[in-house]
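Line by line, the protein sequences are chains A and B. Remember, this note's numbering sits 136 above the position in the first sequence when you count from 1. Remember, this note's numbering sits 136 above the position in the second sequence when you count from 1.
Derived by calculation from the structure, the hints in this document are not laboratory data. Take the hints with a grain of salt, since some may be wrong.
Identical chains share a label here; the pair holds if one copy fits it or two copies do between them.
[Claimed, not checked] Cut-off 30 Å, straight-line C-alpha distance, at most; resulting in silico cross-link-like pairs (DSS-like, lysine-lysine):
| id | residue 1 | residue 2 |
| --- | --- | --- |
| 1 | K419 | K559 |
| 2 | K559 | K142 |
| 3 | K335 | K311 |
| 4 | K142 | K241 |
| 5 | K555 | K312 |
| 6 | K335 | K160 |
| 7 | K559 | K514 |
| 8 | K336 | K559 |
| 9 | K142 | K160 |
| 10 | K513 | K160 |
| 11 | K142 | K311 |
| 12 | K311 | K559 |
| 13 | K555 | K271 |
There are 2 protein chains.
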Amino acid sequence: MTQFLKAREGILTPEMQHVARTEKLEPEYIRQGIADGSVIITRNDHHRGANPLGIGGRLTTKVNANIGTSGDHADIAEELQKLEVAIAAGADTVMDLSVGGPVDKTRREIIAHSSIPVGTVPIYQAALSARLRGKSFVELDVEEIFDTIEQHASDGVDFVTVHCTVTQEAVARLKKHTRILDIVSRGGALMFEWMAFNKKENPLYEHFDRLLAIAGKCDMSLSLGDGMRPGCLSDATDRGQIQELILQGELVERCREAGVQVMCEGPGHVPLDQIEANMILQKRLCRSAPFYVLGPLVTDIAPGYDHITSAIGGAIAAMAGANFLCYVTPSEHLRLPSIEDVKEGVIASRIAAHAADIARGLPGAMERDNAMARCRKKLDWEGQIALAIDPVRARALRESRHAADTDVCTMCGEFCAIKITQKALTM
Amino acid sequence: MTQFLKAREGILTPEMQHVARTEKLEPEYIRQGIADGSVIITRNDHHRGANPLGIGGRLTTKVNANIGTSGDHADIAEELQKLEVAIAAGADTVMDLSVGGPVDKTRREIIAHSSIPVGTVPIYQAALSARLRGKSFVELDVEEIFDTIEQHASDGVDFVTVHCTVTQEAVARLKKHTRILDIVSRGGALMFEWMAFNKKENPLYEHFDRLLAIAGKCDMSLSLGDGMRPGCLSDATDRGQIQELILQGELVERCREAGVQVMCEGPGHVPLDQIEANMILQKRLCRSAPFYVLGPLVTDIAPGYDHITSAIGGAIAAMAGANFLCYVTPSEHLRLPSIEDVKEGVIASRIAAHAADIARGLPGAMERDNAMARCRKKLDWEGQIALAIDPVRARALRESRHAADTDVCTMCGEFCAIKITQKALTM
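Can you make the complete structure from the sequences, with help from the hints?
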């Protein structure tokens, strides 16, 4: 029985109690949120080592880090290091998006080592397996696609992205409303290619009940991928994107009827002034299902700095209703991220999530900020470093230049505003 | 005669025409904006080498980079390098905040080398000169303070920050409404100390007419400093801050009566959900004067990453009415910024400004983004690099990992969504 079905029956599970404790919320609030679908607890029954994670409603904003190999760069040890760095930097989940090297082994190692939930996109692997057998993804039959998803479920994957809503209807609408960048989602592009080649409906949509059965068996959460998410500002909030969102809303209801936990994925590249509307729209069309957004990136011109463009968009999105931010690293649009990129990406997203949680007025969200402010007033540098989001970097910067007065910093030196003010207050 | 007085008389100056051209706006729009005070052109008549810069109204959002020495680190050559790096990264102005080494020489060198407007905070230098003569800032008499300002005006400083509104009234209000961090503005703290020691009103407020006379003579813009800007989220939008804003509004009117160009400075550390209200308030209380904000930083816990916390706040501020963003570097709160910090800080602020200009619907703001999207569709990597906000970094990241297929990147390799989609579209 899934957490959703238990919540519906009024059962308060240990997982719900765990989430209530970590979120400093009433267990009953968690149970009700799960029962009405505004909250999910993502943890596959087969992933024993993972702490159950709550996403949605009035819970804190969560951050995901994408890791995984590519055909051009595949090293399991490096991926495990990325996992470690992501957790240390404050990621709440990781997604293993491997498409290179021994992907089964990579996924299983990541799951075995991870104390946080692990997500995947099974059709990436289906595409790779086909390629390794000298076939193309489009030649796979429906059985082979679902076999891969089943494999991920039994391996203990906590949530899977499934691009069910790239349907014939949605694609037709996308084509009529000309875009600059068409489809930029890997999973979305694969499904579109499969449909175009086979002249058939998207099998993940047509056989959605099979997905529900697989997910329900081990309480794996479904994350409804937005295969037609905008890949540039100009394509944002267009008919193709919103058509897909309507379809996501319909599938959210089918998940709830089947007792399966579900969240929705969202854009992407979105101009600053359209972000709030996108969040309101998702909450309405998808009946308050948790919203998992990639960015949004608020400009297209900053490759090398897209952790910043997406921290801007992510903060506004989370303030306006997004519950879960997928990080973007400085290497987005340029290369597979390095270990250092993973850290930079997680920290930028954590800043966005935290700023939004303060704006949302979550209880206790500002405690650490107030503690930092008090340390600044006392010129307590060790206290400031300990409270910093990245104590190692804070210390390195501070210690790289030495002030003559050890109680100030080299920015103002003897003209430290805090020292001057303290003195003046006693005059 | 200042640009303001000429605009009032209906004269279209070469400076207004220059600004109209660079902003792609009608010259008459610029003239009217200057006449009603919503736009300023900051350029001191004595700064021959600088291009006149328009700030305010429907003009693009501008970015300032603070440079300058401190007592702990003073090197003119390094400051000139910072100037060069700031301009290359896209700064619209620099402020020389030097308080160490030969500050007169540093300022004059920066002005001589700068093609963009240069701002200063003259009382920093007044404080330093006092210290060098074995005195304290509080022992300076009113003449000495105004002599320094006069010196900066005749050196060609384009705009000066003057902390006029740290008045006895505002300080009394601040003290009643207990803050965590009291005053964190260097200039604000100095004025507060002077007032506390001398038991007198703020001389910059009491003798504001002298400031107007100095500024009017060479068309130096006044930037009304917010000496009581919040230094942590908890202190934001409190009575002290808003009292000062009311006083700024009154001084804006006195500037306009005297024909002097003026802008207002604003916070600081502000929670995400209070930023828009702060912008609306300034525009109302200060009669649409251009608003120059420092950040705002949306959390206190990220020293080492405050270019990101302020890019988030700056983007929202600029979308909601701020016209001019003062950058914050990764070293803020920790040390005097390095040359590399200057670059990081300018680029983060430029991203925020550009994202906001798109959201504001400024004509042509999205052209470069659309060009980037078209290059992405064509997998035109040289085109993408050329359009990037930092082509050097974009190239370095791309070339650090080599894809087997040279037309894709190592993120997806053969599973490039753009390639797959192009193929599927022809099926």
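Point to revise | Intra/inter-copy verdict for K142 and K160 if alpha-carbon distance must be at most 30 Å | key: Within one copy only: 21 Å inside, 62 Å across.
Exercise for review: Up to 30 Å between alpha-carbons, please classify K335 paired with K311: within, between, both or neither.
Suggested key: This pair counts as within: shortest intra-copy Cα distance 16 Å, inter-copy 73 Å.
Review point. Within a copy, between copies, both or neither: where do K555 and K271 come within 30 Å Cα-Cα?
Key: The answer is between: 17 Å across copies meets 30 Å, while 70 Å in one copy does not.
Practice item. Up to 30 Å between alpha-carbons, please classify K559 paired with K514: within, between, both or neither. Key: within (13 Å within a copy, 63 Å between copies)
Check your understanding: At most 30 Å between C-alpha atoms: does K559 with K142 qualify within a copy, between copies, both, or neither?
Key -> neither (61 Å within a copy, 46 Å between copies)
Exercise for review: Please work out whether the CA atoms of K336 and K559 approach to 30 Å or closer within one copy, between two copies, in both situations, or in neither?
Suggested key: Result: close only across copies, 17 Å inter versus 77 Å intra.
Check your understanding: 30 Å Cα cut-off: does K142 pair with K241 within a copy, between copies, both or neither?
Key -> neither (33 Å within a copy, 74 Å between copies)
Exercise for review: Classify it for me, K419 with K559: is the Cα-Cα distance of at most 30 Å met within a copy, between copies, both or neither?
Suggested key: neither (52 Å within a copy, 34 Å between copies)
Practice item. First find the shortest C-alpha distance between K513 and K160 inside one copy, then the shortest across copies, and answer within, between, both or neither for a cut-off of 30 Å. Key: within (29 Å within a copy, 46 Å between copies)
Review point. At most 30 Å between C-alpha atoms: does K335 with K160 qualify within a copy, between copies, both, or neither?
Key: Answer is neither: 51 Å inside a copy and 49 Å across each miss the 30 Å cutoff.
Point to revise | 30 Å Cα threshold - placement of K312 relative to K555 | key: between (64 Å within a copy, 20 Å between copies)
Check your understanding: Is it within, between, both or neither when you check K142 against K311 at 30 Å Cα-Cα?
Key -> Result: close neither inside a copy nor across copies, 43 Å intra and 54 Å inter.
In terms of the numbered hints stated before, the structure departs from hints 1, 2, 4, 6, 11, listed from lowest to highest.
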